[in-house]
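Protein chains: 2
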Amino acid sequence: MGAPVTIALDAMGGDHGPSVVIPAAAIVAIRHPEARFLIVGDGARVEPELRAHPALAAKTEFIHTDIAVAMDAKPSQALRKGRWKSSMWLALETVRDGRADAAVSAGNTGALVAMAKFCLKTIAGIDRPAIAAIWPTIESECIVLDVGANVGADSRQLVEFALMGAAMARALFGVERPSVGLLNIGVEEVKGLDEIRKAAAVLKDAPLPIRYHGFVEGDDVGRGAVDVVVTDGFTGNIALKTAEGTAKQIAEYLRAAMGRSLLARIGAVLAQGAFRALKEKMDPRQLNGGIFLGLNGIVVKSHGGTDATGFASAVDLAYDMASNGVVKHLANDVAGFHAKLELEGAA
Amino acid sequence: MGAPVTIALDAMGGDHGPSVVIPAAAIVAIRHPEARFLIVGDGARVEPELRAHPALAAKTEFIHTDIAVAMDAKPSQALRKGRWKSSMWLALETVRDGRADAAVSAGNTGALVAMAKFCLKTIAGIDRPAIAAIWPTIESECIVLDVGANVGADSRQLVEFALMGAAMARALFGVERPSVGLLNIGVEEVKGLDEIRKAAAVLKDAPLPIRYHGFVEGDDVGRGAVDVVVTDGFTGNIALKTAEGTAKQIAEYLRAAMGRSLLARIGAVLAQGAFRALKEKMDPRQLNGGIFLGLNGIVVKSHGGTDATGFASAVDLAYDMASNGVVKHLANDVAGFHAKLELEGAA
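First to last, the sequence lines map onto chains L and E. For the first sequence, the numbering used here begins at 91 and goes up steadily by one. For the second sequence, the numbering used here begins at 91 and goes up steadily by one.
Bound-form chain L, shown alone:
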């Protein structure tokens, strides 16, 4: 571990603002005593919260602004009104200027994508950033991207997503050559959209630091068939929300089934330790955070409606990504990929 990691927090994002963000930061400050914080928001609301958490306050620099991006603002609107001065922008700016290693916001996703692109710019050699999600699998976890930064993706972008996802898997899971699959509607080579088949042709032969697995289908994601699942932002977003919806639905069935008879209720009481373990496994707060990949800096988007536990796990993610130097590794991978392609082209 090198220099202390500093995380910038947009205190005004999300449904609850500072009343969630500050307690979350306090949780992370205990889990990672060497972390530093840069908290941006409205002093009238942030400072009382900070006073309630003196240990956090001692390792926090506070930046005041009374401008916040509305949760329902359109990206273009947010960019026009909130640039240079909103809490979201100022948090990103500290990353751009090297004062912070990563930024976390629970604000408006579209606005955050637009501002982050504008403020941090994409890494050289990367066309468009993507949002990656950590997806629980039967055995452990995998990374799925893009889950909503873009609508659609061409073959070149899909290949870039593969590179970005692999860099993240290397940092978070410690796998040297992460396995990568392209999400498709069948595993045969002839299946699916043209752009996906073109991306497959590139990934199969390219000199990349990945193990290309081939096509994967919707049910392979949760099975943990690969470390990284690559898809366009439209499909990825729908798959992610469908999985979340199905998990909620089954929890609902389980609750109903367990309340149905006296025996079932007694059984449920005896098995409550097991249910707690199951609940924890299915708790979306444990894996809260979409990571923006492909920018010159780390940005994590937390769910807007989450609580302090959930926001803290988004901050943890930013911390892990920053202390593993994901952006530097990714920039190297991309440069190496393009250099090799050029060499091959020249040969």
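Some clues are possibly wrong.
Intra- or inter-copy, both count: the list cannot distinguish identical chains.
Heads up, simulated DSS-like pairs for lysine-lysine below, C-alpha to C-alpha not over 25 Å straight-line [as the list claims (entries may be wrong)]:
1. LYS164 x LYS288
2. LYS207 x LYS418
3. LYS164 x LYS294
4. LYS164 x LYS211
5. LYS211 x LYS418
6. LYS171 x LYS207
7. LYS371 x LYS338
8. LYS430 x LYS211
Simulated from the structure, these hints should not be mistaken for lab results.
Given chain L, work out where chain E should sit, using these hints.
Coordinates of chain E only, in the frame set by chain L:
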């Protein structure tokens, strides 16, 4: 109920062929005593099974062919080799010729789509057929289409899918004006792919026998937000398989959690009635069957790997669709829609 319903069965489709198809038909013959069957396949394998089920055999006409479509044949190949003579084709042909009211096959999906289109032709006014799935929701069920007949869909096709899904919902759920949602990555009007937004503009104002709900997201499907969810075949297929994968994954978690401690195991035993109810609710065999909509006839595709219980539920579905006259209703709706559009155009 009018004339008895006759269901044509491709006995050679699926991983198990007649050893699943015939016992399944025997189950349906008990559930629907007025049903008749037309079973197509290789006599050497079908006839011994039929002899074991004399009550079924009494209401079955058997058609022999020793040609079957391979599970891994490409659609074009299957069409070239299996047309006119394979068990899949002959089953479809009985529907075309009015000898059967619906056909069921557990064979190769791509081949079945290609043959069904070629044999039955699309209903006048419908551009492309779609595969509809019945999706369990917290309260009951909804219909999702297209789940894989096509890759991609333009706005006109999406509108046609809405009409087809609504006709099916009317037949199966008995709702006069089914609610219809377009699957998208956000509920705001500005979100998503162009074709989806164009379809929304048509659905909002068109004189259709539906209640247009607006956009729905991935987690709205299982919540039961609408009766019919419309999407293109690529997204729909991935959403469906993702939901199936998530359900399996959670069942796995539950099994692991319940075996973890003695108390949990005792609890699980006491609650086993509840678990059985849950298992039934989550049993994919209960809702086995993709329905091809938009053709001049009813075709149901069963999962290839299912057992007799699963195949029987696909046959039940075909029976319900046939006895409700879905094809006739759908043809009327489409004709009505086009007539109104023309009237409006002329006005």
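How the hints compare with the structure:
Taking CA atoms no more than 25 Å apart as the test, LYS164 paired with LYS288 passes between copies only; the shortest distance there is 20 Å, against 33 Å inside one copy. In this homomeric assembly, LYS207 and LYS418 come within 25 Å of each other (Cα to Cα) only inside a single copy, at 17 Å, whereas the closest approach across copies is 53 Å. For a Cα distance limit of 25 Å, the shortest separation of LYS164 from LYS294 across copies, 23 Å, qualifies, whereas the shortest one inside one copy, 39 Å, does not. Taking CA atoms no more than 25 Å apart as the test, LYS164 paired with LYS211 passes inside one copy only; the shortest distance there is 20 Å, against 45 Å between copies.
In the homo-oligomer, the alpha carbons of LYS211 and LYS418 lie at most 25 Å apart inside one protomer (14 Å), although the nearest pairing across protomers, at 57 Å, exceeds that limit. Taking the closest pair of Cα atoms, LYS171 and LYS207 come within 25 Å of each other only inside a single copy of the chain (16 Å); across copies the shortest separation is 54 Å, beyond that limit. Both within a single protomer and between protomers do LYS371 and LYS338 lie at most 25 Å apart by alpha-carbon distance, with minima of 13 Å and 14 Å respectively. In this assembly of identical chains, LYS430 and LYS211 lie within 25 Å of each other by CA distance solely inside one copy; the values are 24 Å within and 51 Å between copies.
Hint violations for this structure: none, all hints satisfied.
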